[in-house]
Amino acid sequence: EAQVTQNPRYLITVTGKKLTVTCSQNMNHEYMSWYRQDPGLGLRQIYYSMNVEVTDKGDVPEGYKVSRKEKRNFPLILESPSPNQTSLYFCASSFSAGGQETQYFGPGTRLLVL
Amino acid sequence: GENVEQHPSTLSVQEGDSAVIKCTYSDSASNYFPWYKQELGKRPQLIIDIRSNVGEKKDQRIAVTLNKTAKHFSLHITETQPEDSAVYFCAASLSDYKLSFGAGTTVTVRA
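Here the protein sequences line up with chains D and X, keeping their order.
Counting in our numbering, the first sequence runs from 1 upward without gaps.
Counting in our numbering, the second sequence runs from 1 upward without gaps.
What the hints contain is simulated information worked out from the structure, not anything from laboratory work.
This structure is a prediction, so every number in the text was calculated from the model and none was measured.
Straight-line C-alpha distance at most 27 Å; calculated DSSO-like pairs for lysine-lysine: (1) X:98 / D:71; (2) D:57 / X:71; (3) D:57 / X:42; (4) X:42 / D:71.
To spell it out: a stretch of chain D is covered by chain X in this simulated footprint if at least three of its residues, at any positions, have a beta carbon under 8 Å from a beta carbon of chain X; those stretches are: (5) 31-43; (6) 47-61; (7) 102-111.
Glycine included, each C-beta is placed from N, C-alpha and C at the ideal position.
Work out the full structure: start from the sequences and follow the hints.
In structure tokens, the structure reads:
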């Protein structure tokens, strides 16, 4: 089944404790992206990747890191989480140009930073 | 970058009535305008999209219209049903890689 998966689905952590949210897709998509969803703010892009080893900042990249060592995986890293990073995170992928075609979203990761 | 504003933030309609959500965008170079639907607790999913060379697109009970001069586009849902209750996001893009979303509209269809 074609899908985008994320892990973990729920995470409670404390300020400053490094964490990684994994994202994987099995559709051989070149483009992958991370978004955060907050009430009243919609979906805001954190980082995106056009292909392996090619990443770029979205609109809200501060406090986040990403890597794209393999085509199928695009982990989101919070080196020192803070309470303002409490949010619902979505990974998405598309065939090649995510800004011009359907993006397929993962199930979401709900993060609470205490 | 692109700025997308979406109105209203909440919309309650009687089953069978129509629902209209409007979005405005800031950059006249934007050329792709998708709409995503997010049911409660689920992931966003594309329901319809339109490109700047088209003024209107329909898919069964859903239609999208685009006014490039005024820089706004709208989602129209006719004959609303309970399963149309969800959060709807508009988005706009002027590049291959970045998509800017509106804040979302929570639609409730009353039985």
